[in-house]
Each structure stands twice: as structure tokens, then as C-alpha cells.
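J.: Now for the letters of each chain:
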Amino acid sequence: MKTVANKILFFVLLLAGPVEAAPQHPFDLYDHEMHFAFFEAAKVPCEMCHTTPESYTDRTKIYPLGCHNCHNSSKPLMEGATQECKACHLSGIPKPSSHRAGWIEKHQTYAKMNPSSCNQCHTNKMFCIDCHGRRDSVQQRMHNRNFRFFHSIEARANPHKCDACHTVTYCQECHSGRGGVIR
Amino acid sequence: MRWNLPFSGWRLLGIVFAMGAVWPLSEVTAYELVIHPSIVGQVRVNSLEEQEIPLNGYLGFSGAFKPWEVGLEDNLRVFQEASGGLDDFDLYQSVVHLKPTSALRLDFGRQFVNQGFTATTLDGLQMTFTPKGPFDFVIYSGIPRNVEIGDFNRDDGATAGFALGWKVGPQTQIRLQSAWRRFVFDHLDWQKNDQVSGGFDFFHQFGGKSRPLFYALAEYSLTGNILETGTAGLDIYPTDALALNFEFNYFDIDRERDAPTILSLFTTGETLAGRFAATALIIPDFLDFMASYAFQRIEIGEDVARNGHLVDATFMFYDDDIGITLAPGLFFQNTFGGNVGGVKLLIHEQFTKRFYASLSANYGSYRKVTGNDDFAVALSGWVGLEVAKGLTLAAGSEYNRNNLYATDVRGSFKVDYLFQHKK
Numbered sequence: 002m003k004t005v006a007n008k009i010l011f012f013v014l015l016l017a018g019p020v021e022a023a024p025q026h027p028f029d030l031y032d033h034e035m036h037f038a039f040f041e042a043a044k045v046p047c048e049m050c051h052t053t054p055e056s057y058t059d060r061t062k063i064y065p066l067g068c069h070n071c072h073n074s075s076k077p078l079m080e081g082a083t084q085e086c087k088a089c090h091l092s093g094i095p096k097p098s099s100h101r102a103g104w105i106e107k108h109q110t111y112a113k114m115n116p117s118s119c120n121q122c123h124t125n126k127m128f129c130i131d132c133h134g135r136r137d138s139v140q141q142r143m144h145n146r147n148f149r150f151f152h153s154i155e156a157r158a159n160p161h162k163c164d165a166c167h168t169v170t171y172c173q174e175c176h177s178g179r180g181g182v183i184r
Numbered sequence: 011m012r013w014n015l016p017f018s019g020w021r022l023l024g025i026v027f028a029m030g031a032v033w034p035l036s037e038v039t040a041y042e043l044v045i046h047p048s049i050v051g052q053v054r055v056n057s058l059e060e061q062e063i064p065l066n067g068y069l070g071f072s073g074a075f076k077p078w079e080v081g082l083e084d085n086l087r088v089f090q091e092a093s094g095g096l097d098d099f100d101l102y103q104s105v106v107h108l109k110p111t112s113a114l115r116l117d118f119g120r121q122f123v124n125q126g127f128t129a130t131t132l133d134g135l136q137m138t139f140t141p142k143g144p145f146d147f148v149i150y151s152g153i154p155r156n157v158e159i160g161d162f163n164r165d166d167g168a169t170a171g172f173a174l175g176w177k178v179g180p181q182t183q184i185r186l187q188s189a190w191r192r193f194v195f196d197h198l199d200w201q202k203n204d205q206v207s208g209g210f211d212f213f214h215q216f217g218g219k220s221r222p223l224f225y226a227l228a229e230y231s232l233t234g235n236i237l238e239t240g241t242a243g244l245d246i247y248p249t250d251a252l253a254l255n256f257e258f259n260y261f262d263i264d265r266e267r268d269a270p271t272i273l274s275l276f277t278t279g280e281t282l283a284g285r286f287a288a289t290a291l292i293i294p295d296f297l298d299f300m301a302s303y304a305f306q307r308i309e310i311g312e313d314v315a316r317n318g319h320l321v322d323a324t325f326m327f328y329d330d331d332i333g334i335t336l337a338p339g340l341f342f343q344n345t346f347g348g349n350v351g352g353v354k355l356l357i358h359e360q361f362t363k364r365f366y367a368s369l370s371a372n373y374g375s376y377r378k379v380t381g382n383d384d385f386a387v388a389l390s391g392w393v394g395l396e397v398a399k400g401l402t403l404a405a406g407s408e409y410n411r412n413n414l415y416a417t418d419v420r421g422s423f424k425v426d427y428l429f430q431h432k433k
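Sequence lines, in order, name chains A and B. Mind the numbering: the first sequence is residues 2 to 184 in our numbering, read in order. Mind the numbering: the second sequence is residues 11 to 433 in our numbering, read in order.
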């Protein structure tokens with residue numbers, strides 16, 4: 002019985018594969034002493050990262066984007082800071098918190114504020130064009146397949162939103178009777 | 011859109027490729043190349059019961075060459091609809107980037123420009139200056155384009171503008187923009203044919219546990235003497251698992267100018283809007299919940315306004331270990347155009363790095379103010395396999411039921427190749 006159990010355990014472990022180490026948080030790699038020497042010389046305030054008193058004792062309260070003032074910045078506070086994301090983000094580059102609640106609707110204000118900040122991750126402008134300009138008559142990725150049948154309802158809620166990607170000419174292709182075959 | 015120049019889209023493809031073949035790569039010590047062509051096609055029967063096979067061919071090309079700080083990006087679509095030939099063509103970008111100094115970047119050609127007001131495609135020049143210190147400066151000039159109107163129209167007008175950014179502190183940024191737009195290049199009526207706008211953006215990240223971020227945006231038409239956009243919003247993170255967004259908007263438009271927009275056609279006055287959105291990480295790295303509610307009030311006549319309500323809610327289940335994403339959701343909209351409610355579902359399974367399958371479903375039942383009541387169903391499935399490094403083949407199928415088709419079945423295919431090389 003013990004032998005059978007051991008064999009089962011062996012095969013389970015074999016199928017499970019090697020145990021991977023837990024991904025390291027960027028703060029695990031952070032050398033505070035080294036950075037502090039730089040900051041003191043350049044008169045960079047502690048508050049750049051320690052935005053709350055609790056952050057001095059609880060690293061989960063540290064402002065996570067404080068690092069980006071030097072790293073992954075078009076204008077680093079100090080020259081020579083590495084711009085390679087994977088130097089710290091070993092388990093993958095996380096999405097900014099701003100990309101969570103209501104991002105699709107509100108991103109225009111962020112993008113207008115600092116267009117170069119988008120380029121930090123989205124290096125090819127085709128990323129913007131993919132939604133704002135690219136046309137796809139086959140997959141119709143931007144609006145789901147049914148949108149054309151009730152788009153008049155949403156258009157009457159917020160016609161300004163249509164202007165972000167479409168011109169009046171686009172509407173007239175169907176609505177003036179000049180359109181081609183309906184698909 | 012049909013392209014009016016005398017030579018074919020295939021010749022232009024050749025020119026675009028030639029742009030990327032100029033540099034003697036053997037002399038370059040560091041470079042990065044990406045070539046990304048793809049073809050998407052579908053076999054379907056249109057509402058006149060004619061079979062058609064529309065094709066969309068996309069080509070993306072980008073290169074960066076380190077010693078000279080030079081880069082270029084090209085993206086275009088060649089497509090064939092039922093009635094067109096292969097010369098139908100969209101050029102999305104064809105731009106050369108130069109960085110002669112660490113603080114100066116020049117972008118020439120067709121490019122996507124987002125310096126306030128509207129995001130637009132521009133044939134021209136953009137210069138970005140980022141000296142040491144808290145300021146950055148952008149200036150641009152050229153001809154605005156839109157593929158819906160045509161790639162190289164003679165009467166797309168002209169535009170020029172600048173933006174000045176100021177990083178006041180680690181948590182505060184301000185940006186000022188101004189732009190001039192002429193709608194028809196040789197038409198001299200500055201009140202109706204020219205627009206001069208000014209705007210500003212403001213961001214401030216507060217301290218505290220919830221790290222609230224306040225943002226504001228205003229855009230004013232100086233020629234029309236009218237505030238066209240006003241936005242104020244707040245992002246707040248009460249806990250690590252909860253993100254909230256509150257936003258208020260004001261929209262209006264100068265209706266005197268000879269450049270109609272969808273907003274100017276649908277409304278006679280201002281639009282007021284408010285939105286609340288939330289994302290909750292219910293189980294981290296496994297289950298998220300996203301919801302939003304938006305309210306709009308638009309003026310459609312003299313002292314006549316109508317309200318609109320939009321609701322959307324989605325659960326997102328995902329497990330990176332087994333490669334599955336499952337997103338059921340619902341939506342509801344009620345405006346003076348009618349109301350629609352429905353459900354949606356997306357399932358994506360990445361079985362292995364090279365093999366995936368996805369399924370999407372959408373059901374909407376609507377009642378329009380025109381008396382048109384109906385429902386629409388759309389089901390779509392795809393299966394894709396990377397058969398060689400960078401080369402993915404995919405096949406799909408669709409089923410649709412709507413007020414055009416009692417039963418509509420379509421077959422789709424996709425060939426996608428991604429080549430990346432870095433030295």
C-alpha cells in the first residue's frame with residue numbers, strides 16, 4: 002500500500018513539473034542604500050516615492066510609479082538610469098492602475114496630457130491606430146457584429162463619441178441611400 | 011476607400027518597402043526590425059443572395075537603427091470588397107523618426123498625432139523637444155487625413171499646432187495646447203473655414219491611502235467663441251483590489267463652421283454627461299468585475315433635451331496557468347433613440363503557446379423610437395495554430411440572426427506572419 006502510494010505520489014510530482022519560484026516583486030530587487038546616495042546628491046525628495054507616512058514602514062504603501070521618474074522615462078531625473086522594463090519587472094510588465102476603471106472612456110484625457118507616456122509600453126503608434134483608424138470589414142473588431150442594428154440608440158446618447166473615429170461621410174455611406182449592398 | 015491616384019496600390023506597397031530597404035544593414039551595429047503582414051478573409055452571402063469573398067490585407071513594418079537614432083513605421087491595408095478591386099487602399103502611417111540629439115525628435119510623413127483636440131492622422135512633420143528640466147514642447151504641421159474620406163484628397167485642408175507640457179512636480183502636470191485648422195485649403199472664409207482652438211490639461215495625484223488622481227481638460231474654440239470640451243475626473247483606489255472612476259463631461263461645438271461632425275448633426279446645443287466606473291479584483295489573478303454607468307443629457311432642439319443611460323457589467327475569469335479567459339457580461343442602453351438590452355460572452359483558451367481557440371457571443375434585444383423592435387444574435391468562433399515561427403493560420407465561423415438575415419452563416423480565415431529581429 003505504501004509502495005503504491007509512493008508510486009502515485011511520484012507520478013503526480015512528475016506530471017506537476019518543477020516547482021517554479023514565486024515571481025519577484027520589483028521592490029525585492031531594489032537597493033535602497035545605493036539609490037539613497039544618488040537621491041541625496043541630486044536633492045531628490047523622499048516624497049517622490051514615500052507619498053504617505055505609512056510608506057516608510059509598509060512597502061505596499063509606496064507610490065509604485067515613483068520609480069518611473071528615472072526608469073522608463075523620456076526625461077529621467079538622473080542620467081544613466083536603466084530604461085529596460087524587464088530589469089525590474091521579471092514576471093511581466095503590469096498594467097498601470099489607471100487602466101482599470103473606465104479606461105476605454107477616459108484614456109483620451111490621459112493620452113492628451115502626456116502622449117509620450119503611452120509610448121513607454123505601446124512603442125508602435127499602430128497601437129492607437131488599431132482602434133482609431135484601422136478598418137476591418139471582416140471581423141468588425143471595434144463594435145460587435147450586432148452594433149449596426151441598434152447603433153442608433155447609443156449614437157443618440159453620445160454622438161460626440163462617434164466623432165472620435167468616424168466622419169459624417171462614413172454615416173452617409175449607408176444613410177444617404179448611396180451605400181453598396183447591405184451585409 | 012477608392013484611391014484616386016493613377017498608380018495601383020501594389021506599386022505604392024513597393025515604394026513603402028523600398029523605404030525600408032535603403033539602409034545598408036551590414037554597416038549597422040544595432041537595429042530592430044518588425045515585419046507584420048496578415049490577411050483576413052471571409053466567405054459569405056450578402057443580402058442580395060450573392061456570394062462574396064472580401065479580403066483585408068494588412069502590412070506593418072517598423073525598424074529602428076540605433077547608431078543613427080533613426081526609425082520608421084509603415085502600416086497599410088489593401089482590401090477587396092464585393093465591388094472593388096485590389097487597388098482599394100488605406101495608408102495608416104508611413105513615418106520616419108529621427109533623433110538628432112537626445113532632446114530633439116523629428117517625425118516626418120504620415121503619422122498619428124495626439125496633441126489635444128482630436129486624435130488625427132497627419133501628413134506632415136512633428137517636432138518634439140524635451141530639454142532637461144520640467145518642460146517639453148511639441149510643434150506639428152501638415153495635412154490632416156482620414157481614410158474614410160480618402161488617402162490623398164486634394165481638399166483635406168491644413169493644420170498646425172503646438173503643445174507645451176510642464177511637470178510642476180512629481181505628482182502634478184499641466185499641458186497647454188493650441189491648434190489651427192483650415193478645412194478647405196484655398197477657401198478664404200476664416201470664420202467658417204478656419205478654426206483656432208486652445209486647451210489645457212491638468213493632472214494631480216494626491217497622497218494618502220487611496221491615491222486619488224484628479225484630472226481636468228478644457229478645449230475652447232477661439233474662432234467660434236465656444237467651449238467645446240470640458241472634462242473633470244477623479245480616479246480613486248480605496249483598496250488595492252478596487253479602482254473607481256468618476257468623470258463629468260461637457261461637449262458643444264461651433265456650428266457656424268463648414269465642417270459638420272456627428273455631434274453637430276445630432277444636437278443643437280450642449281451635452282452634459284457623467285460617468286461612474288469600477289473595477290474590482292474579487293479574486294486576484296482569477297476573477298475581476300467591471301461595471302460602468304453613464305448618463306448623458308443632450309440638446310436636440312430649442313429648449314428640448316433628452317437623457318440617455320448606459321450600463322455595462324462584465325465578469326472576467328482568467329487563469330494564466332491554463333490559459334483561459336472567460337468574460338460574461340450584460341449591457342443596457344436607454345436613450346431617446348430607444349432602448350436595447352442584452353448579454354455577451356467571450357471565451358478564449360490558449361491551449362499551448364501556439365494553439366488557441368476563442369468563442370464570442372452577443373445577444374441584443376432592442377426597441378427603437380421608429381417602432382422597429384427586434385433582436386440580434388451573433389456567434390463567432392476562431393481556432394488558430396502557429397504552424398511555423400511567427401506564422402499563424404486561423405479559421406473561423408459565424409452565425410448571425412438579425413433583421414437582415416434570418417440565418418446567416420459565414421466562414422472566415424486568417425493568415426498572420428510576425429517577423430521580429432533585434433541585434
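Hints in this document: simulated from the structure, not taken from any laboratory. Hints should not be assumed to be uniformly reliable.
Under the rule of at most 30 Å between Cα atoms (straight-line distance), these lysine-lysine pairs were calculated in the DSSO-like manner [stated by the list, open to error]:
{"hint": "1", "chain 1": "B", "residue 1": "Lys142", "chain 2": "A", "residue 2": "Lys44"}
{"hint": "2", "chain 1": "A", "residue 1": "Lys96", "chain 2": "B", "residue 2": "Lys219"}
{"hint": "3", "chain 1": "B", "residue 1": "Lys354", "chain 2": "A", "residue 2": "Lys87"}
{"hint": "4", "chain 1": "B", "residue 1": "Lys219", "chain 2": "A", "residue 2": "Lys62"}
{"hint": "5", "chain 1": "B", "residue 1": "Lys424", "chain 2": "B", "residue 2": "Lys378"}
{"hint": "6", "chain 1": "A", "residue 1": "Lys62", "chain 2": "B", "residue 2": "Lys363"}
{"hint": "7", "chain 1": "A", "residue 1": "Lys96", "chain 2": "B", "residue 2": "Lys399"}
If you only want the chain B side, here are some residues facing chain A, beta carbon under 10 Å, derived [said to hold, decoys possible]:
{"hint": "8", "residue": "Leu65"}
{"hint": "9", "residue": "Tyr68"}
{"hint": "10", "residue": "Pro77"}
{"hint": "11", "residue": "Leu108"}
{"hint": "12", "residue": "Thr111"}
{"hint": "13", "residue": "Arg285"}
{"hint": "14", "residue": "Phe305"}
{"hint": "15", "residue": "Tyr427"}
C-beta: ideal position from N, C-alpha, C; glycine also.
J.: Sort out which numbered hints this structure fails and list those numbers smallest first.
T.: 3, 5, 6, 10, 11, 12, 15
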